Amino acid sequence: MKTSLRSLLFLSLMLGACGPAFGSEAGRSCVSCHEEANPMMVEYWRTSAHAEEKVSCETCHGDYASNHDQPAGVRPRVEASVCARCHKEPAKQHFAGKHGVGFRAGQACTRNRPGHQAGQAECGTCHAPDSGLPREKAECARFLAQSPEMQRQGCNACHQVENRCDTCHTVHDTNLETARNPSICATCHMGPDHAQYEMWQSSKHGILYEQYGTGYAPDCSTCHMPAGTHNVSTGISMGLAGQPYPEEVRTKERERMVSVCLPCHTKAFSENSLADADAIQKQSKVLLDEAAGIIKSLNDEGLLFPSPAERPAHPLSGPALDIGPQMLYENLSSVEAEFFVMKKFHYVTAYKGAFHQNPDHAHWYGNAPLKLSLSRIRSEAELLRKFGTLRARLDNLGRGAGAGEEPQSVPYGPEGRLRELKDRFLSGQISQDEYDRRRAEILDASGL
Amino acid sequence: MKTSLRSLLFLSLMLGACGPAFGSEAGRSCVSCHEEANPMMVEYWRTSAHAEEKVSCETCHGDYASNHDQPAGVRPRVEASVCARCHKEPAKQHFAGKHGVGFRAGQACTRNRPGHQAGQAECGTCHAPDSGLPREKAECARFLAQSPEMQRQGCNACHQVENRCDTCHTVHDTNLETARNPSICATCHMGPDHAQYEMWQSSKHGILYEQYGTGYAPDCSTCHMPAGTHNVSTGISMGLAGQPYPEEVRTKERERMVSVCLPCHTKAFSENSLADADAIQKQSKVLLDEAAGIIKSLNDEGLLFPSPAERPAHPLSGPALDIGPQMLYENLSSVEAEFFVMKKFHYVTAYKGAFHQNPDHAHWYGNAPLKLSLSRIRSEAELLRKFGTLRARLDNLGRGAGAGEEPQSVPYGPEGRLRELKDRFLSGQISQDEYDRRRAEILDASGL
Amino acid sequence: MKTSLRSLLFLSLMLGACGPAFGSEAGRSCVSCHEEANPMMVEYWRTSAHAEEKVSCETCHGDYASNHDQPAGVRPRVEASVCARCHKEPAKQHFAGKHGVGFRAGQACTRNRPGHQAGQAECGTCHAPDSGLPREKAECARFLAQSPEMQRQGCNACHQVENRCDTCHTVHDTNLETARNPSICATCHMGPDHAQYEMWQSSKHGILYEQYGTGYAPDCSTCHMPAGTHNVSTGISMGLAGQPYPEEVRTKERERMVSVCLPCHTKAFSENSLADADAIQKQSKVLLDEAAGIIKSLNDEGLLFPSPAERPAHPLSGPALDIGPQMLYENLSSVEAEFFVMKKFHYVTAYKGAFHQNPDHAHWYGNAPLKLSLSRIRSEAELLRKFGTLRARLDNLGRGAGAGEEPQSVPYGPEGRLRELKDRFLSGQISQDEYDRRRAEILDASGL
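So the sequence lines, in the order shown, correspond to chains X, F and L.
End of the first sequence = 448 in the numbering used here, gap-free, step of one.
End of the second sequence = 448 in the numbering used here, gap-free, step of one.
End of the third sequence = 448 in the numbering used here, gap-free, step of one.
The hints are simulated quantities; they were obtained by calculation from the structure and are not laboratory data.
Hints are not guaranteed to be accurate.
[Claimed, not checked] Only part of the chain L face toward chain X is listed, based on derived beta-carbon distances under 7 Å: (1) MET40; (2) GLN153; (3) HIS194; (4) MET327; (5) GLU330; (6) SER333; (7) SER334.
[Stated by the list, open to error] Restraint ranges, calculated between C-beta atoms of paired labels, are given here: (8) LYS54/F to THR251/L: 38 to 46 Å; (9) LEU443/F to SER307/L: 45 to 53 Å; (10) GLU58/X to VAL286/F: 39 to 47 Å; (11) THR389/L to ASP300/F: 19 to 27 Å; (12) THR389/L to ASN396/X: 42 to 50 Å; (13) VAL286/X to ALA275/F: 43 to 51 Å; (14) ALA96/X to SER307/L: 31 to 39 Å; (15) LEU262/L to ARG85/F: 25 to 33 Å; (16) ALA440/X to LYS282/F: 45 to 53 Å; (17) ALA268/L to VAL286/X: 54 to 62 Å; (18) ASP300/F to GLY428/L: 35 to 43 Å.
Keep in mind the model is a prediction, meaning the values are calculated, not measured.
Glycine residues also receive a C-beta, built at the ideal position from the N, C-alpha and C atoms.
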């Protein structure tokens with residue numbers, strides 16, 4: 001494409017050549033203006049399959065030409081629904097998978113909102129009527145807590161994927177090689193939250209791809225868009241953040257994924273490798289749950305500084321602790337900040353690293369920091385409790401009582417926390433109800 | 001070049017072929033020795049535009065041949081002033097931009113030194129007479145605090161750019177494709193302090209460049225060296241670390257940058273996108289200033305452990321807190337260490353990520369860690385204050401007074417800090433002067 | 001290979017073509033089944049030098065065909081000893097270098113186990129009899145602390161290199177270009193623990209390699225496998241984690257490395273550059289040792305929360321502090337967690353970054369975080385000590401004694417720690433023996 005594009009551009013600039021004119025404003029076509037103002041924009045289109053098939057500016061952008069002077073909100077953006085008029089099957093697949101259900105159906109950021117009930121009517125909580133585009137304020141707590149600028153440049157630049165095909169198919173360029181280039185996936189599937197691109201690139205798969213090109217080693221689409229499907233949930237056997245799927249769904253999707261491995265690997269090897277990653281997800285989740293339990297306890301004991309009540313209210317949960325799917329990365333105590341990093345970065349990296357056959361991501365970027373974070377949270381909790389005890393002893397002195405003694409350290413792990421809880425119950429510090437509830441939480445979280 | 005270089009090298013090794021002899025030591029030319037000792041060094045030169053134009057070893061290195069036995073300090077390094085003898089225009093542009101004013105004019109690391117006054121005479125504070133090369137100890141506090149080896153391999157390997165054209169134009173290689181390869185910029189413009197290369201590479205711009213090559217998407221030089229200028233400040237509309245430019249400069253440079261976007265993007269889109277990044281810089285700065293305010297307060301309250309007075313003196317500020325442009329990354333208290341990372345890494349990444357159209361860098365590498373750091377700093381400050389209160393109560397007990405009470409938590413954000421300050425003033429803990437000064441600082445920092 | 005592989009695969013699928021049949025199970029050859037079940041697996045082999053030389057499935061995998069129904073433990077893995085039957089010289093070189101002595105000779109993870117004595121008999125502590133493959137539990141503490149799944153996907157995926165040639169030579173592919181591609185090294189030599197690949201890639205060496213390809217700039221094998229040797233310790237002049245080599249070995253290996261630099265660089269430049277990296281390693285080690293000393297002191301003072309005795313026992317050292325080569329990254333106090341990161345990530349990065357001519361890794365990924373970690377550890381130690389003092393004063397109050405005074409801060413650095421130690425000795429808190437031992441440790445660590 002390189003040479004032909006260049007020579008076309010050169011010719012068009014030299015001869016003032018003009019493609020078929022589409023659109024009109026005061027008698028001028030879109031192209032006649034824009035090829036002066038934005039020559040490469042027009043060039044990308046002119047050498048595209050769209051131009052070849054007579055898909056004009058107006059076909060996608062409508063009569064935006066007559067709205068040029070409208071405020072910025074009215075932009076010539078092309079939603080997925082526009083593309084879907086022609087590209088019916090890919091659009092249908094897209095909307096059936098993770099890429100298509102993001103904000104729209106409340107299954108992504110807002111999926112765990114208290115009181116959330118699935119249903120068509122709820123679309124309106126996030127989206128403007130008759131539009132799939134996010135409202136100014138989609139109800140994701142982390143999104144709500146950002147400035148409009150960060151919402152646009154940070155959040156929606158990726159999460160727009162649901163309703164913007166040009167998130168992956170670059171604007172005006174219809175070259176499928178671009179869309180299939182694994183680097184296209186990297187813009188969003190990179191970095192501390194989920195580095196799938198980096199994991200793949202430095203795995204054996206990525207290296208063989210670098211050496212031989214597509215077809216000799218899997219790239220992103222080989223596994224996640226097999227046979228060209230736009231349902232990117234194909235072959236994924238667990239929900240967001242490792243939430244379990246119903247067993248029959250899980251089994252079916254795992255079989256699909258294994259079938260992608262078979263050209264190069266035996267069935268046993270493939271199944272064992274993925275089963276290892278399953279186990280690593282579950283094992284990592286237990287560590288995460290232990291940390292969550294510690295933070296909940298600290299909150300109950302009044303040892304989070306600042307406490308949730310002293311901070312700006314959480315956009316959805318109000319002045320209460322929220323370390324679930326809607327957890328913020330701001331207005332936290334120090335120990336919660338460590339938990340956020342543990343949960344959103346290290347936990348995810350440990351098991352996704354294993355699923356993408358990358359030992360360094362599974363181990364050094366995932367497992368090791370995950371366990372270091374748990375160590376830090378446990379240690380910080382112990383220090384906070386020792387501080388709390390000191391303060392209580394001093395309070396007692398202030399009230400004329402003796403200085404008392406510092407309690408023994410609590411033994412390690414869930415057993416230790418259960419023992420401590422029992423002590424607090426037996427000494428009358430907490431009620432039977434609270435004891436039962438907290439005990440169940442600890443047992444649940446630790447898988448005991 | 002690959003094949004021709006190889007065949008040339010092969011021939012020269014086979015036939016003992018010898019290029020035109022330049023330089024002489026005891027009758028031998030530079031080339032005749034070095035093509036034995038360092039064949040590829042000579043080969044890079046022999047296939048260069050320099051060799052073609054009869055630019056010999058001595059043209060650039062002078063009569064170093066006769067100084068071979070001098071101590072290491074006298075090395076055949078070629079300063080920019082040597083290149084500038086022929087390459088007049090690029091050198092002039094280079095020295096007018098950021099790359100050229102680094103250490104030399106005191107506008108980079110030392111630009112904010114207390115008492116600093118711009119002027120030609122000051123060159124001598126950093127540079128040896130009649131030389132643009134940095135002295136052994138350029139007056140940047142972070143530089144001064146390092147060993148000579150780290151100064152060479154860590155600091156100057158990048159900051160030599162001012163006086164060393166071969167920082168970007170690799171040694172003896174005159175191929176402009178090498179110098180224009182974005183990877184050349186990566187060696188310095190990468191990593192935690194400013195990852196412009198990584199930001200670009202995984203943005204849509206970088207991916208289109210990977211797919212189609214230069215000309216179909218912007219690379220580093222498209223935006224920062226438009227029309228081949230060597231003034232790399234072209235189109236930059238703010239100073240180092242986001243310091244504001246005078247409005248007319250800002251406007252002019254922004255217009256220049258927008259003009260680079262226009263071949264592919266509309267004016268409105270380009271302006272809005274850059275305006276978002278402007279806003280993200282300002283918003284991120286407010287968070288940074290809040291953290292700076294907290295640390296200054298902790299220092300006033302004697303709650304930095306170790307305190308500035310207990311540490312080795314700061315190379316420029318002495319035994320005092322310095323969290324400004326000359327802040328060290330060593331000999332800090334824990335809360336200052338968090339601030340350093342927040343300021344030099346996360347803050348810069350948040351807005352530069354947005355300017356380079358990379359959502360993951362703007363958000364997950366920038367904004368989220370920035371806010372997590374602020375949470376950690378606030379939380380640590382609260383714990384330190386609670387500790388301080390406990391100690392004060394115990395001191396009172398030791399003096400026979402009552403154990404007292406722990407004060408209420410201070411409400412959140414700048415409002416809370418203003419209220420606390422007022423309390424301290426009203427209770428006589430601080431003077432009117434200090435109250436006024438600190439109040440102004442808090443108001444300034446928070447933009448209230 | 002790309003085209004020929006594809007056309008071969010196409011032909012074989014179209015015509016049901018079948019290579020020479022090797023192996024048999026119930027009359028069927030390996031190939032006849034596997035080219036249906038795993039066509040690319042067979043294709044990689046069929047286009048390999050092995051197929052050309054009539055090296056069949058059974059040549060390497062033995063009669064695994066008759067063991068298809070055995071449990072997963074009996075897998076058709078090919079150990080290095082199998083490859084060594086033909087590839088004698090490379091195997092010999094491999095086993096003589098770092099890649100070959102990993103687990104096997106107890107020189108890697110287990111090399112510092114207390115009581116360890118080198119000798120052939122010790123192989124059995126890690127390896128099953130008559131096999132070089134690691135036992136289920138090789139005696140590396142960090143390995144022992146992981147789940148079997150993480151051991152497989154995280155630890156052994158890299159550390160299998162000793163006995164698995166296919167760690168670098170990808171399975172069934174005999175293309176030496178693949179094995180020499182620097183990306184092959186990346187899978188293990190990347191990430192926070194040792195990012196040699198990233199260091200090289202964004203150094204001038206990596207960029208010239210990207211521009212001109214192999215031969216015009218060094219890649220991994222140029223320096224570490226010169227002249228094709230499989231002894232990857234060639235030219236390395238220090239042991240793991242910077243442990244010193246005997247001087248004559250160090251000198252010999254350094255000369256070897258410098259000889260690799262000479263085609264492009266002068267001897268003086270090469271030697272000086274490597275000497276800088278040597279110095280940075282030593283300087284960084286002093287900081288590391290200071291941090292280690294602080295943690296040992298805190299442990300002695302009972303100020304690690306939780307204390308080693310309160311945690312699950314260390315797999316090799318039991319319920320005692322272990323911050324040496326067998327240090328875990330789990331079950332640590334907060335200050336130890338910081339030390340782990342300082343030691344395994346920042347320290348290593350600082351000097352390896354310098355050895356790989358990457359200023360950003362040496363400085364921003366290495367030196368700066370190294371010094372920030374030391375700051376954090378010092379500061380945390382001071383806070384813990386202040387807390388301990390407060391608790392002791394309160395204990396005294398509880399026993400009817402006065403509230404006492406907080407001691408003065410200890411002056412900075414090793415001098416301060418020596419003075420503090422002397423005070424503790426003079427006031428009878430520690431014995432002469434302990435004083436002597438600890439004093440020697442501090443002096444050793446700080447190089448005083």
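Exercise for the section: Just tell me: holds or violated, for the beta carbon distance of ASP300/F and GLY428/L against 35 to 43 Å? Expected result: The hinted range 35 to 43 Å holds for ASP300/F and GLY428/L, with Cβ atoms some 38 Å apart.
Exercise for the section: Please verify that hint: HIS194/L, Cβ, nearest Cβ of chain X, below 7 Å or not. Expected result: With a minimum Cβ separation of about 9 Å from chain X (threshold 7 Å), the hint on HIS194/L is violated.
Practice task
Starting from the hint 39 to 47 Å, judge whether the C-beta atoms of GLU58/X and VAL286/F obey it.
Solution key: holds (44 Å)
Exercise for the section: With 31 to 39 Å as the target window, see if ALA96/X and SER307/L comply at their CB atoms. Expected result: violated (54 Å)
Practice task
For the range 54 to 62 Å, tell me whether the beta carbons of ALA268/L and VAL286/X fit it or not.
Solution key: holds (57 Å)
Exercise for the section: Please verify that hint: SER334/L, Cβ, nearest Cβ of chain X, below 7 Å or not. Expected result: holds (4 Å)
Problem - chain X contact restraint on MET327/L - CB to CB distance below 7 Å - result: violated (11 Å)
Practice task
Starting from the range 38 to 46 Å, see whether the pair LYS54/F and THR251/L falls in it by beta-carbon distance.
Solution key: Check passed, 42 Å falls within 38 to 46 Å.
Handout entry: Hint check, GLN153/L versus chain X [nearest Cβ-Cβ separation less than 7 Å]
Key = holds (5 Å)
Exercise for the section: Evaluate the given range 42 to 50 Å for the C-beta pair formed by THR389/L and ASN396/X. Expected result: Violated, at about 20 Å.
Problem - Per-residue hint verdict: MET40/L, partner chain X, C-beta under 7 Å - result: The hint holds - MET40/L has a Cβ within 7 Å of chain X, the shortest such distance being about 4 Å.
Practice task
Mind checking the hinted window 25 to 33 Å against the Cβ distance between LEU262/L and ARG85/F?
Solution key: The hint (25 to 33 Å, Cβ to Cβ) holds, given that LEU262/L and ARG85/F are roughly 30 Å apart.
Against the hints set out earlier in the document, violations occur for numbers 3, 4, 12 and 14.
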